[in-house]
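For this note's numbering, count along the sequence shown from 1 and bump the result up by 13.
Treat the hints as calculated values from the structure; they're not laboratory data. None of the values given here were measured: they were computed from a predicted structure. Careful: at least some of the hints might be erroneous.
Stated by the list, open to error - Lysine to any residue pairs mimicking SDA-like chemistry, simulated, CA-CA at most 20 Å apart: (1) LYS247 - GLU208; (2) LYS256 - GLU51; (3) LYS247 - ASN18; (4) LYS162 - LYS247; (5) LYS136 - LYS162; (6) LYS102 - SER126.
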Amino acid sequence: MDIRNKLNSEFSRQRHIAGMTDDAAFEHYARIADGYAELENVLAVLSDLYSNRSYVVHGRFSTIIAIDTEKCSGHIPSIWEDDIFKTIKPEALDMKMLRELMFFHYVNRLPKSRKFSRCLMQKLRMLSRNGEWIEALHRLYYIPAQDGKTIRFALCLYGALTTELKADSIVMDTMTGQATELNKSAEIKILSPQETAVLRLIEDGNRSKGIADILGISLHTVSRHRQNIIAKLKVRNSAEACKIARNLSIL
């Protein structure tokens, strides 16, 4: 999978729509990142999707994970915090980015007044300084531009898993406290019911002809569903689709 390139493409589209940027907004949210790091002890990363830069500030959680705080600190010329990604268990990194892509599309569809009231929360395993994998909580806010039409910033917070999550990833409404599993929200459902049925039959070892017979649909429709599944899950083949869908609790 190449979810990072897909996210890059989406973020580039935001920059193209937005045009000019202003530093005042960046400085405003950088101060907010400082506050999170100081008060909640988290590692905070503010990424400006328009100007392709980030601001990294370390809370006390950074003393626990295996990261060089001097190398990855302050202003960096990228929205990708690779030094932080190196501390995340490799098999979890693609899943993290896939969830962020799903969340990006979800937030972009919200009205301006609701865009900043949703937070993606997901469990991660991060490498500690003593070489052990520890559970961590990653929170992501996509912050809209002033016009409300595009997403300007991404604010990522990495910290200790201080609250019990009923799923590996949830969307939290920070105004009402309502939590919804990422893949079970009707607004961000990835696969249609029939696509899910097709994928479940693929996982069970059925070929396209057998799937068509079981579901009472044409072979052409099965092929179209297969293509849609691969495109939506950003994978290369059906085997990868089954694995990702299982990890996302779609199957």
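These are the hints, each one checked on the structure:
no.	hint	result
1	LYS247 - GLU208	holds (15 Å)
2	LYS256 - GLU51	violated (39 Å)
3	LYS247 - ASN18	holds (10 Å)
4	LYS162 - LYS247	violated (25 Å)
5	LYS136 - LYS162	violated (29 Å)
6	LYS102 - SER126	violated (35 Å)
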